[in-house]
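S.K.: Given chain A's structure and the hints, the job is docking chains B and C with the ligands onto it.
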Amino acid sequence: MELVATGIVPMLEGESNHMQSAAIVSAAVAIVLAATTTTSLGAQSVTVGVVGPLTGDFAVVGISQVNGAKLKVAQLAKTDLGVNIHLVPEDDASKCDQSVNATTKLVEQERADAILGAGNSPCALAMVPITARDEVPQFTVGIGAAITQQGSKYVFRVAPSAAVQTQALANFAVGKLHLKKIAILYTNDEYGKSAGEAMRAALKAKGLEPSVFEAWTIGDKDFSGQLSKVKSSGADALFATGSVADAALIARQARQMGLTVRLLGDTGTANDTYIKLGGSAVEGAVVAFPFDPRSNEPAVRDFVRTYQATYGRLPNSWDAEMYDAVGMIHAAVKHTGKTDGKSIRDYIASLRRSSGYRGVMGDIYFDANGDAQFALNMARIKNGQFVDIGR
Amino acid sequence: MHDAIQVVVDAAAIGCVYSLIAIGFTMMLRASDLINFAQGEMVMLGAYIGFTIATLAPLPYPAIFLLTAAALFGVGLVMDRTIVRPILKRGSPVLNLIIATVGISVALRAIAIILWGGYPLRMPNARLFGPVHVAGVTLASESLLVIFFGVATMAALQWFFQRTISGIAWRAVAMDAETARLMGVSTDRTTALTFGIASALGGAAGVLLAPLYNISVGLGGIAIKSFAASAIGGFTLGGSMLGGIALGLLETLTTRYLSSAYKDVVSYGLLIVILLLFYRAKAPAGRSAAQRATRAVGMRAGIAFAPLSRYRNILFALALGAFVAVPHLVSGTYTLRIINEALIMAIAAIGLQVIIGYTGQLSLGHAAFMAIGAYTSVLLVRVGVPWPVTVLAAVLASAALSRIVAPILRLSGHYLAIGTLALGQIVVMLLINLSWITNGAYGISNIPAPRFGGLVIDTQARYFYLLVIVFIALYIALSRLLSSRFGRALVALRENELAAVCAGVDSLGYRTKAFVIGCACAGVAGAVYGPFVSLINPDAFTLDLSISFLIMVVLGGLGSLPGAVLGAIIVTLVPEYFRALGAWRLVLYGGAIISFMVLLPGGVLDLIRLPAFAFRSWRRLVASRNASAQSAVRDRADVGS
Amino acid sequence: MPLLEACRLTKRFGGLVAVNEVSLEIARGEIRGLIGPNGSGKSTLINTLSGVYRSDAGSIVLSSAEISGWPAHRIASAGIARTFQEIQLFADMTVLENAIVGGHRLGRAEEKQIRARAQAALAFVGIERWQDELARNLPYGHQRLLEIARALVAEPELLLLDEPAAGLNAAETEALMELIMRIHAQTTAVLLVEHNMRLVMNVCHIIAVLDYGRKIADGSPQEIQHDPAVIEAYLGTKSVERSAGAERH
Ligand SMILES: Nc1ncnc2c1ncn2[C@@H]1O[C@H](COP(=O)(O)OP(=O)(O)OP(=O)(O)O)[C@@H](O)[C@H]1O
Ligand SMILES: [Mg+2]
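Residue numbers (this note's numbering), protein chains in the order written: chain A, 12 to 402; chain B, 31 to 671; chain C, -7 to 241.
Do not take every clue at face value.
Straight-line C-alpha distance at most 25 Å; calculated SDA-like pairs for lysine to any residue [to be verified]:
no., chain 1, residue 1, chain 2, residue 2
1, A, 232, B, 163
2, B, 312, C, 50
3, A, 232, B, 284
4, B, 543, C, 63
5, A, 240, B, 284
6, A, 242, B, 280
7, C, 104, B, 515
8, A, 164, B, 363
9, A, 232, B, 37
10, A, 287, B, 90
11, A, 215, B, 290
12, A, 242, B, 284
13, A, 393, B, 154
14, A, 232, B, 272
15, A, 215, B, 469
16, C, 104, B, 507
17, B, 312, C, 53
18, A, 287, B, 169
19, A, 192, B, 287
20, A, 240, B, 39
21, C, 104, B, 510
22, A, 232, B, 181
23, B, 312, C, 5
24, A, 242, B, 283
25, A, 393, B, 151
26, A, 240, B, 290
27, A, 240, B, 279
28, B, 543, C, 103
29, B, 312, C, 13
30, A, 240, B, 292
31, B, 312, C, 62
32, A, 242, B, 37
33, B, 543, C, 104
34, A, 192, B, 290
To list a few chain B residues with every Cβ distance to chain A over 12 Å, as calculated [unchecked claim]:
no., residue
35, 181
36, 347
37, 358
38, 412
It should be emphasised that the hints constitute simulated quantities derived from the structure, not laboratory data. From the three backbone atoms N, C-alpha and C, an ideal C-beta is built for every residue, glycine too.
Only chain A is shown next, with the shape it has when bound in the complex (with noise of 0.2 Å):
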C-alpha cells in the first residue's frame, strides 16, 4: 500500500520515495495545500523525473515544467487507481553539468521509466546520449533543432522548434499582414540565437532579409541601442526573441521611444506574463500560440481551472506541454499494460496524425526525429487578453 500525498504549491518539494509533501513560506501568497489520498493494490507505478532549472535565471521555465507535470499527475491519481505515477524533479540551475548528473541519477537510483527535460536547449541535448543508451524516453520544451537530431529514438520534442514556430510565425506575418521589413532582435543566448536564426532563415525562404539582426545581452535592461536602430531602419515589425520579461521590457521601451512597429513574439511570449509585463505596450502583438488557455475545449477548460486553482495564474505553454507529456506516458502504460522505457517510447512513436494523442495541445504526434507536428496558430493581443487568429 503506497500513500500519495500530492501537495500542490507554487513551489515545491522535499520529496521521498514513499511520501510527497510540499510546504511553502509565503508572504503574499496563500498557501494552497491540496491532499489527496489513494490506495491501490497492484498497481502499476511509472517514475517520471523532471529535469529543470529550479532555480536561477530561468527558474520560470522549470517552475512551469514541474507545475504542469505535478497538476496531470495529481489529476490521474484521482481518476486512474491502475497507475501510479511517481514524479521526482531534479534541478538543474540551467547548467548542463547538472543536467547530466540529474539525468544519470534519474535513470540509475531512481530508475525513471521517463524524464521530463531539460528546460533549455544545451542541456537538453546534453541529456540525449544518455537516454538514448539507457533507453529512457526525454520529453523537453527545448526549441534548439539540434535535440532531435541526433539520431536518438528515444527524445521527444513536445513543444514546436524554433524552425517550426519562426516558419509559422513568417508565413503568418508576410502573407497575412503584409509585413516588409522586419526587424530581429534576440538574446545571446540559445534560446534567442536559435529563434532569431530561425526567424531569418524563414524570411530568406520568402526572399526578404530582416531590416535589423542584432542582439542583447542576458542581464541587460536597457535596450535604447537596438531599438534606435530598429527606428532608424524604418522596420515595420520587430521581432525579439529571448526571456519573456525582457521582451516585454523591449516592448516598453520601444513605445517611450515612440516606435510603433507591429510586435511579432516566439512561443514564449504566447502568455499571460508577457501581457503583465508588457502593459498596453504589447497591444496588438502577434505570437506563436501553441496553447490557448481560454479554449473551449473541455479538457483545456479543466486543465485551466484546476491550474488556476492550485497555483492562481493561468497556465503557459510549458505548462500545458508536460501536462500533456505526463499524459502521453500515462496512455501509453495504459495501452502496452508495460511501464518500460522502451514500451512507452514505442507507443508514443507509433502516434500518427489520424491516432495522436489528444492532449491540451491539441492532437499530438511526433515525427521520424521525434519532434511534434501540431497545427501553430497565432494569436493577437487585444485588450490584455489573446485573440486566436488562426494561420
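M.R.: Same frame as chain A, but now just chains B and C with the ligands:
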C-alpha cells in the same frame, strides 16, 4: 538633439542606480575591506519588497521607497549581527567574510524564488507624474523618477557623511580604523552602520529599478556592473557616484554607436584599461605585525616544517589504494560520476589555491581559463588531433592566455578582483560571439570519449582512473613546487610584499608564474571536463563557476592543497545531495557556506587541525603545569631551608 | 671607487620634495651615518636607494652598475639589503622561515645550505633560540634583530638600517651597537639612519645630515657635531617642535 537628450536621461537614470549600489560596495570595502557579493541580492530584495508593499497597500511611491530602504536597512543590520560580526570577531581572513556573503547571496536568491515564485513581476503603477515634455522630447516619467530619487538619496548621504557625528565617525574609521578606535569610535557600530546603509542603498536601487524594469531574481546581476563603477571611482564615496554615472553613459553610448553584441567586451575591456592606468600598485605594500592575519589558524607554508612528511609515502600508498578500490566500492555510475565531477573541480581548485591561497591574489576569472582549456581540447579533437595531445594544447592555451593577461596582476587587492572578473566576462562574451569557431551560445555537443590509442575512456570507472592519475600527478607536482624555494617566495609575497621584494623576490614575476601555473591547472580541468559532460557551452563557464572555485578554496582551507580538494568535494557534493529539494537546496547550500565560514575560520581543514591543535595545547598545558609544580616544590624547599 | 654612489637624487611626492638632489657616497666596508630631523627624508632616501621608490632624478651607481630605476628585488639581488623603520616581518611564518626568505637572492644553487645559513644568521644576531617561534610572537627587540638577521643571510655588500634602535631599551641598544660593529667586521658596508645620537656618533665613520630633503652636511662625527647648519637644523628656532618630535621618537 532629441535623441541626445533622451540618451543622457536614460544614461543618467541607470547611472544613478549604479551609483547607489556602488556607494554600498565602497562603504563595505572601506569599512571592512569586504567585497560584498550579497549586494546584488539587496537590490533584488528591494525590488521584491517594494513590490509586496505596493501590492499590499496603495501607498504613494515615495512612501514605498522609504519603507523599502528602511526594511533593507534592517536586513543589513541582521546580516551584520548574525554573520559579519561573528566572523570579524574571530579575526578570520577577510576572504571568509567574502565567501559568507556569497553564501548569503545564494540563499537569498533561492528564498526569493520560494517567496515570490520564479515568474517575473511588474511593479504596480509607480507613477508620480506623467511623461515630461522637454524641448519637444517626451521623457519617460520612470527615468526621471529614478534620477530624482537617486540624486536625493545621494544628497542625503552626502549630508550624513559631512554633517552628522555618525557620518564623520564612519569616515574616520574608513580612513584609519586603528586611530579611530583609539579616539573612541566603536568599530562594531561602524560596521553595523555600514551594512545597514549599504543594504538600504541596494534596496533603494532595487525599488527604483522595479518600475523601470521587471522584477526578477536576476535583477541583482546589475551589481556586477556597479562594482565595476565603484572600482572606476577608486572605491571612494564621491568617486563611486561619478563612476556609476560614467559607466551608465559609457554603456548607453557603446550600445548605441557600437556593436551591441560586443558591448560588454568593450565596457569590461575599457574597465581593465582604466584600472591599469590609474589603479596599479605603485610601491609594494608592507604589513605591520599588529595587522590582522589574513590567513587562518595553522596555515603554514611548510618551509622549515612539513607536517607528516615522514609518513608521506605511506599516506600516499594508502590514498592510492583507496583510489583503486573506489570504483569497486561504490555502486552505480551516478555516485562515481559525482566523484569524477568533484575530481575535475579539484584539479581546477588546486590551481586556484596556488593563486589565491599561496599568493594572495584574488582571482574571479578562473572559470575563463577552464573554458579556454575545454574549448581548445574539444576543437582540436574535432579536427582529428589525438585527445592526449589536445590536453597538452589545452594546458598551453590556458597558460598562454594567462601569461598574456598577466599585466593585470599589477593591480592590487580588490582592483585585481574586479579586473579578473572583467576578464572572465570578456572570455564568456567572446565564446558567445566568436561563433564561427566556438559555435556560439549553442556550444559544442557530442564530444567523444577520451581515447588513448585503442583504449576508450567510455565508462565512469575508467574516467575515474584517468582523473585520479591526472589529479595525483598534478597534485604531486604542485606540492613539490610549493614546498620549494618557489612556494616559499609566494608565501613571503603574500605575507609581506615589501619585505619579500627587499629580500630579492621578484613580485610580479613570481605572481605571474603562480598565476600561469594555477590557470594551467584550470586548463587541464577544462580538457577533461568536455568529454565528461559531452557538451560545452559558454554558460558552463560563467562567473558562477569562478565563484564556486573561490568557495572551494576558502571553504576547504586557504593556502592548503588538501583544503582545496576538500572544498571541491564539498561544493560538488552538497548541492548534488540536496538536488531534489529544488530551490531549498540552495538555501541549504548557502546556509552551509555561511555556517562553515562562521564556525570554521580556517576552512573545513580546521576539523582536522583543531584536534591536533587541542592536543598540542594540552601537552603544553601539562608541561607548564609540571614546571610550575616543580617550581612550587622548589619554592617550598626554599622556604624550608 | 666607492661601493655606492648616489648623485643628485631627487624624490618628490606631489609637490613635496622629500629628497632634494642628495649626493652620497658609501665606501666598501664603511659605516655611514644618516641623520636629520623627523620628516627630513631619511627613510625616503633609503627607500629610493633600495628601489622601493623610483627616483625622479639623479643616479645611483652600485659598484659601477647604474641601478636607479631598477625594481627593488633586482637591487636586493645586486647586494643591497635593508631593514625597515616600521618592522616588516612575515609575521605568521617562523623566525627561521623569515631568515630563510632573506636568503632568496642566493638562488637555487644555494638551496641546500640555505637552512644552515639562516640559522647562522640567527645565531649571529643572537636569536637562534627562537627559531621555531612565529615571528609575530617575538618580543619587539627581537623582531628588530630578526629583520637584521634576515638581511644578513644573503651576505649583502651594503646593509641599509632604518632606525634599528627605535623602541629598544638601553641594554638592547648597547647590544645593537656591538652587533653593528660585528657586521662591519665582516666587511659589510652599513648605512645607518638613527635618531639615537650616541649610537650614531659612536659607530659611524662619516655622517650625512638631511634637512628638508637636502643634504646640509657630510663629515666625521666631530665635524657634524660642530657644524652650524646642523645645529641650526636640530636646535634652530624654526625647528624647535621638530626636534621635540625627534626626542619623542
Ligand atoms: N609615500 C609617501 N607619500 C607622500 N609623502 C611621503 C611619503 N613618504 C614620505 N613622505 C613625506 O616625505 C617627507 C620625508 O619623509 P621620510 O619618512 O623620508 O622622513 P624621515 O626623515 O624618515 O623621518 P622620520 O625621522 O620621522 O622617520 C615627509 O614630509 C613625509 O611626510
Ligand atoms: Mg624615517
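S.K.: For every hint, state whether the structure bears it out.
M.R.: Verification of the supplied hints:
A hinted pair counts as satisfied when its Cα atoms are at most 25 Å apart, and residue 232 (chain A) with residue 163 (chain B) qualifies at roughly 23 Å. Simply put, residue 312 (chain B) and residue 50 (chain C) have alpha-carbon atoms about 20 Å apart, close enough for the 25 Å limit, and the pair holds. As the CA atoms of residue 232 (chain A) and residue 284 (chain B) are separated by approximately 14 Å, the hinted pair is consistent with the 25 Å bound. A threshold of 25 Å between alpha carbons decides the hint, and for residue 543 (chain B) with residue 63 (chain C) the separation of about 18 Å falls inside it, so the pair holds.
Simply put, residue 240 (chain A) and residue 284 (chain B) have alpha-carbon atoms about 13 Å apart, close enough for the 25 Å limit, and the pair holds. A hinted pair counts as satisfied when its Cα atoms are at most 25 Å apart, and residue 242 (chain A) with residue 280 (chain B) qualifies at roughly 21 Å. Note on residue 104 (chain C) and residue 515 (chain B): the hinted pairing holds, with a Cα-Cα distance of about 11 Å set against a maximum of 25 Å. Among the hinted pairs, residue 164 (chain A) with residue 363 (chain B) is consistent with the structure: their alpha-carbon atoms are about 23 Å apart, no more than 25 Å.
For the hint pairing residue 232 (chain A) with residue 37 (chain B), the CA-to-CA distance comes to about 14 Å; that is within 25 Å, so the pair holds. A distance of roughly 21 Å separates the Cα atoms of residue 287 (chain A) and residue 90 (chain B); the hinted pair therefore holds under the 25 Å criterion. About 23 Å separates the Cα atoms of residue 215 (chain A) and residue 290 (chain B), which keeps this hinted pair within 25 Å; it holds. This hinted pair checks out: residue 242 (chain A) and residue 284 (chain B) have alpha carbons roughly 17 Å apart, not beyond 25 Å.
Restraint check for residue 393 (chain A) and residue 154 (chain B): the C-alpha separation of about 21 Å stays at or below 25 Å, so the hint holds. Restraint check: the Cα-Cα separation between residue 232 (chain A) and residue 272 (chain B) comes to about 20 Å, which is no more than 25 Å; the hinted pair holds. Under the criterion of a C-alpha separation no larger than 25 Å, the hint pairing residue 215 (chain A) with residue 469 (chain B) is consistent with the structure, at around 21 Å. For the hint pairing residue 104 (chain C) with residue 507 (chain B), the CA-to-CA distance comes to about 20 Å; that is within 25 Å, so the pair holds.
Proposed proximity of residue 312 (chain B) and residue 53 (chain C) is supported: the alpha carbons are some 23 Å apart, at most 25 Å. Using a Cα cut-off of 25 Å, the hinted pair residue 287 (chain A) and residue 169 (chain B) holds, with the two alpha carbons roughly 23 Å apart. With a C-alpha separation of about 22 Å, the suggested pair residue 192 (chain A) and residue 287 (chain B) falls inside the 25 Å cut-off, and the hint holds. Pair hint residue 240 (chain A) plus residue 39 (chain B) holds up; C-alpha atoms about 18 Å apart against a cutoff of 25 Å.
Proposed proximity of residue 104 (chain C) and residue 510 (chain B) is supported: the alpha carbons are some 15 Å apart, at most 25 Å. With a CA separation close to 21 Å, the supplied pair residue 232 (chain A) and residue 181 (chain B) stays within the 25 Å bound. Straight-line distance between C-alpha atoms of residue 312 (chain B) and residue 5 (chain C) comes to about 12 Å, which keeps the hinted pair within the 25 Å bound. With a C-alpha separation of about 16 Å, the suggested pairing of residue 242 (chain A) with residue 283 (chain B) holds against the 25 Å cut-off.
Using a Cα cut-off of 25 Å, the hinted pair residue 393 (chain A) and residue 151 (chain B) holds, with the two alpha carbons roughly 21 Å apart. For the given pair, residue 240 (chain A) sits about 11 Å from residue 290 (chain B) by alpha-carbon distance, which is consistent with the 25 Å threshold. Restraint check for residue 240 (chain A) and residue 279 (chain B): satisfied, since their Cα atoms lie roughly 18 Å apart, inside the 25 Å limit. For the suggested pair residue 543 (chain B) and residue 103 (chain C), the alpha carbons sit about 20 Å apart, so the restraint of at most 25 Å is met.
Distance check on the hinted pair: residue 312 (chain B) and residue 13 (chain C) sit about 22 Å apart at the alpha-carbon level, within 25 Å; holds. Distance check on the hinted pair: residue 240 (chain A) and residue 292 (chain B) sit about 16 Å apart at the alpha-carbon level, within 25 Å; holds. Of the pairs offered as hints, the one joining residue 312 (chain B) and residue 62 (chain C) holds, with about 14 Å between alpha carbons and a cut-off of 25 Å not exceeded. Of the supplied pair hints, the one linking residue 242 (chain A) and residue 37 (chain B) holds, its CA atoms being roughly 15 Å apart against a limit of 25 Å.
In summary, the hint linking residue 543 (chain B) to residue 104 (chain C) is supported, as the alpha carbons are separated by about 23 Å, within the 25 Å threshold. Taken as a hint, the residue 192 (chain A) and residue 290 (chain B) pair is honoured in the structure, with Cα atoms around 21 Å apart against an allowance of 25 Å. The claim that residue 181 (chain B) is not at the interface with chain A holds, since no C-beta of that chain comes within 12 Å of its own (minimum 19 Å). The claim that residue 347 (chain B) is not at the interface with chain A holds, since no C-beta of that chain comes within 12 Å of its own (minimum 31 Å).
Non-interface call for residue 358 (chain B) relative to chain A: holds, since the shortest CB-CB distance, roughly 17 Å, exceeds 12 Å. Every beta carbon of chain A lies more than 12 Å from that of residue 412 (chain B), the smallest distance being close to 15 Å; the non-interface claim holds.
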